[in-house]
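**Q** Given the sequences, and given the hints that come with them, work out the whole structure.
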Amino acid sequence: MTSPTLAEARTIIEAAEKRAVEISQPMNIAVVDSGGNLVTHARMDGAWIGSIDISINKAFTARAFDIQTKDLGDTSQPNQQFYGIHSSNGGRIMIFAGGVPLTRDGEVVGAVGVSGGSGEQDQTVAEVGAAAL
7 MTSPTLAEAR
17 TIIEAAEKRA
27 VEISQPMNIA
37 VVDSGGNLVT
47 HARMDGAWIG
57 SIDISINKAF
67 TARAFDIQTK
77 DLGDTSQPNQ
87 QFYGIHSSNG
97 GRIMIFAGGV
107 PLTRDGEVVG
117 AVGVSGGSGE
127 QDQTVAEVGA
137 AAL
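Sequential numbering of the sequence shown, starting at 7, is according to my numbering.
By construction, these hints were calculated from the structure, which means they are not laboratory data. A couple of the hints might just be wrong.
[To be verified] Cut-off 20 Å, straight-line C-alpha distance, at most; resulting in silico cross-link-like pairs (DMTMM-like, lysine to aspartate or glutamate):
1) Lys-24 - Asp-51
2) Lys-24 - Asp-111
3) Lys-24 - Glu-113
4) Lys-24 - Glu-14
The model shown is predicted, which means the values in this text are computed figures rather than measured ones.
**A** So, in structure tokens, the structure goes:
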């Protein structure tokens with residue numbers, strides 16, 4: 007399993023930033039490695055300060071569970087199998103859109119996390135970033 011290099015992480019962020027500009031929404035974008043450790047983060051001009059940790063934690067969550075955070079959110083609602091998961095891991099688990107695993111040759115090697123807009127905006131920017139790997 008080869009984690010994204012810094013150069014690859016920068017390419018992911020560049021692609022994500024381009025999409026964020028297209029939709030006129032400044033974002034925080036984070037890339038983590040196969041261990042869920044931060045490789046790099048970018049806060050676009052005007053992006054919310056409060057979304058820095060959220061973007062990093064979305065990436066961590068997507069890698070920790072190898073699932074898109076929007077999908078984890080669907081299964082963590084009341085009466086669902088993962089209800090309450092957001093309080094695990096010291097509160098780092100994010101259960102809303104914007105975290106996407108990064109894959110190489112069918113294997114999860116890291117993740118990208120995006121925060122700063124609506125769930126739909128975060129998700130589309132994260133998907134574009136992930137596709138750049």
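**Q** Next step is simple, just say for each hint if it's right about the structure.
**A** Do the hints match the structure? See the list:
Only pairs whose Cα atoms come within 20 Å are accepted, and Lys-24 paired with Asp-51 is accepted, the gap being roughly 13 Å. At most 20 Å may separate the alpha-carbon atoms for a hinted pair to count; Lys-24 and Asp-111 exceed this at roughly 25 Å. Among the hinted pairs, Lys-24 with Glu-113 is inconsistent with the structure: their alpha-carbon atoms are about 26 Å apart, more than 20 Å. In summary, the hint linking Lys-24 to Glu-14 is supported, as the alpha carbons are separated by about 15 Å, within the 20 Å threshold.
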